[in-house]
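Required output: the full structure, derived from the provided sequences and hints.
Now for the letters of each chain:
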Amino acid sequence: MAVKTITGDQAVAYGAMLARAEVVPGFPITPQTVIIEQISEFINDGLMDADFIPAESEHSVMSVAVGASAGGVRTFTATSSQGLALMYEMLFAAAPTRLPVVMAVANRSLGAASGIWTEHNDSVPVRESGWLQVYVEDNQEALDMIIQAFRIAEDRRVMLPIMVCLDGFILSHVVEGVDIPEQAVVDRFLPRFAPVNVLDPRDPIMMNPVTPPEFATELRYQQDRAVEAARTVIGEADEEFAALTGRRYGGLFEAYRLEDAEFALIGLGTWAGIAREVVDQLRAEGKKAGLIKLRYMRPFPGQELRQATLNLKALGTFDRSAAFNGYGPVFTEVRNALYGSGITVTDHLAGIGGRDITAEMVRDMYGLVERSARGEKVRDCTWHALRGEME
Amino acid sequence: MYEIRFHGRGGQGAVMAAQTLADAAVRIGFQAQAFPYFGAERRGAPVEAYARIDTAKIRTKSQVYRPHLVVIMDASLLELEGPASGLRPDGKVVMNVAQRPEELDLGAGVDAECGTVDASSIALETLKMPVVNTAMLGAVAKVWNVVPLDAILEAIEDRFGGKLGRRAGMLNAEAARRAYEATVVGRTQGKREYVQPKRWLPVWDEIPIGVSLRKTAHVEEEVGPATTYQHHTGRWKWSTPLYKKDKCIRCLRCWWSCPDAAIVRQDDDYMRWDLEYCKGCGICADICPVEAIDMLQGARGTWQ
Ligand code: SF4
Ligand code: SF4
Chain P
27 MAVKTITGDQ AVAYGAMLAR AEVVPGFPIT PQTVIIEQIS EFINDGLMDA
77 DFIPAESEHS VMSVAVGASA GGVRTFTATS SQGLALMYEM LFAAAPTRLP
127 VVMAVANRSL GAASGIWTEH NDSVPVRESG WLQVYVEDNQ EALDMIIQAF
177 RIAEDRRVML PIMVCLDGFI LSHVVEGVDI PEQAVVDRFL PRFAPVNVLD
227 PRDPIMMNPV TPPEFATELR YQQDRAVEAA RTVIGEADEE FAALTGRRYG
277 GLFEAYRLED AEFALIGLGT WAGIAREVVD QLRAEGKKAG LIKLRYMRPF
327 PGQELRQATL NLKALGTFDR SAAFNGYGPV FTEVRNALYG SGITVTDHLA
377 GIGGRDITAE MVRDMYGLVE RSARGEKVRD CTWHALRGEM E
Chain Y
116 MYEIRFHGRG GQGAVMAAQT LADAAVRIGF QAQAFPYFGA ERRGAPVEAY
166 ARIDTAKIRT KSQVYRPHLV VIMDASLLEL EGPASGLRPD GKVVMNVAQR
216 PEELDLGAGV DAECGTVDAS SIALETLKMP VVNTAMLGAV AKVWNVVPLD
266 AILEAIEDRF GGKLGRRAGM LNAEAARRAY EATVVGRTQG KREYVQPKRW
316 LPVWDEIPIG VSLRKTAHVE EEVGPATTYQ HHTGRWKWST PLYKKDKCIR
366 CLRCWWSCPD AAIVRQDDDY MRWDLEYCKG CGICADICPV EAIDMLQGAR
416 GTWQ
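Chains as they are written, first to last, in my numbering: chain P, 27 to 417; chain Y, 116 to 419.
Keep in mind that the hints were calculated from the coordinates and are not lab data. Zero decoy hints are in this set.
Here chain Y is said to cover these stretches of chain P; the calculated rule only asks that three of the stretch's residues, wherever they fall, bring their Cβ under 8 angstroms from a Cβ of chain Y:
1) 121–131
2) 223–232
3) 245–252
Some chain Y residues close to chain P (C-beta under 7 angstroms, calculated; not the full set):
4) Trp319
5) Ile322
6) Ile324
7) Gly325
8) Val326
9) Ser327
10) Leu328
Even for Gly, the Cβ is constructed at its ideal location relative to N, Cα and C.
Printed below as a string of structure tokens:
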């Protein structure tokens, strides 16, 4: 085992190399570009045996990925923001065709007012594309999850593409010491890709032909069941990975100091790191605070969250993107899951367009959730660090 | 509420016919709607279109299963399915066919007032095209007294004239008028038992993952999604290409243009036609630079 001080993007590239990805289509977009640059360097240096295919746009990148995966080879790619938006159409081709493509998404704010900084409004909106989605907190998890993602995606019970989302800049461009697993360990964890369907001119098949209404319901339900099956597979992969590397991530989400907590926050991405700090401070002050680091948006761990929050009085959701209907998307998912549980759920928007999230901000969030735990009425949805009064 | 179902083939204008009938009904104070149902195929594929006519607002958008009136725009559709299925006891049928109503067999249980007219000939004479929708609407006016001929003619002149030019509007109205005159009204009593095609309707976990279908995935005669292998597109056609080999310069254009891969390239680069799958769209004849392909009316043969 070797520890290397590398960026989040490089960690992702190491993950793809160790996973023995065979085809990597790519198109540069900040803050993802380092991933595909690093991969092309690995290939150039003879460290990685893969075809790097520079495409003319992200739409083509995903088309190439669909084609390569349909051809029966392990396929990896990466994108961000507008690039993901440009792939939109082909995302919906990959999932129903049940192609286990793995894609890193370096989260970056999407659309006007254009920014290159992190926000989850690129990946969260495509959670209904049929892809699985996992969000990571640090560089080690970024590397490990690329490897796990292939294992989960290629499981016969799943056979679905998966996005591994990492916050742009505050993860993609941060260097940290990362433990690079031995190739032999990865090989033991991740066997060769055994596709269910392969496009082969000697044995022609038709993948996803025009599907008239009398088949579409059944097809979609089949896809829904595959997402459901991923719950189990994710847990198994986490356990097995832990047995081999000693690193366990908790599967669908990680509960931090939650057992005896009275109030907690739940959210995606690097925010969880700072929230851990704040929980520790609050605990030191004698307050029963807890944290749920939400890892998967799809499958969304609804039932599991209901179980985990039984003893909570109040839960706050952290949203790093807005939905222009009063609440953020994490809130919508979480409150739906907890409907009828009696727990007060409030929403906390921050970090929009890459605005820095500080410990003070997170303390404010916990402050509001604690007040709601005491039965005080607080806003359903608070935009933290907003200049001007909320209406 | 009256419910009308049109059966035609892609290219015959069933959708326009349904819309025009709805338009005519609105003109005389009814509420009406019309909409199509067709697959991704193009010319020649069986197409259905529906219209509803009522004095009150029509709320439903579902397809028509119990029609008061069935309009069959192509006689070859009788070979495929029972187009008059679900017809109400007092329902009526209008059909594009040269025979008299008494000579028809629309399937066991169909005992209905029926109008027949050779709309194809009228369309060819009047419009110089085998597009029979407007002629069929003339026949509808003769058989079914809910929407009178005047309203239909007005709707035709407006819709077709607006889209294709005034002259085309008048010619289409003329086709409708001639068909109205020529329609023979009588009674049809059906005897034939339709064997419903065995359809492959798997439950969700029987569908191969990713709907990946092998040629051999289904039992013979069962039809899955988009499986041309079992879906004999050749039965759709009402015109057939005639290959004049002596004129052919072996440019291969027809071969790569055929949407159904029905043209088979020979070792010497001359062509053969697999008429089991040729749906008669005429693209090959259009694209041939030396007029080595003619389109003949009617479906004929299996190979040439
Ligand atoms: S052979 Fe010609 S007419 Fe027949 S389907 Fe092909 S292009 Fe159309
Ligand atoms: S397009 Fe005409 S000339 Fe060319 S190969 Fe076909 S039939 Fe022959």
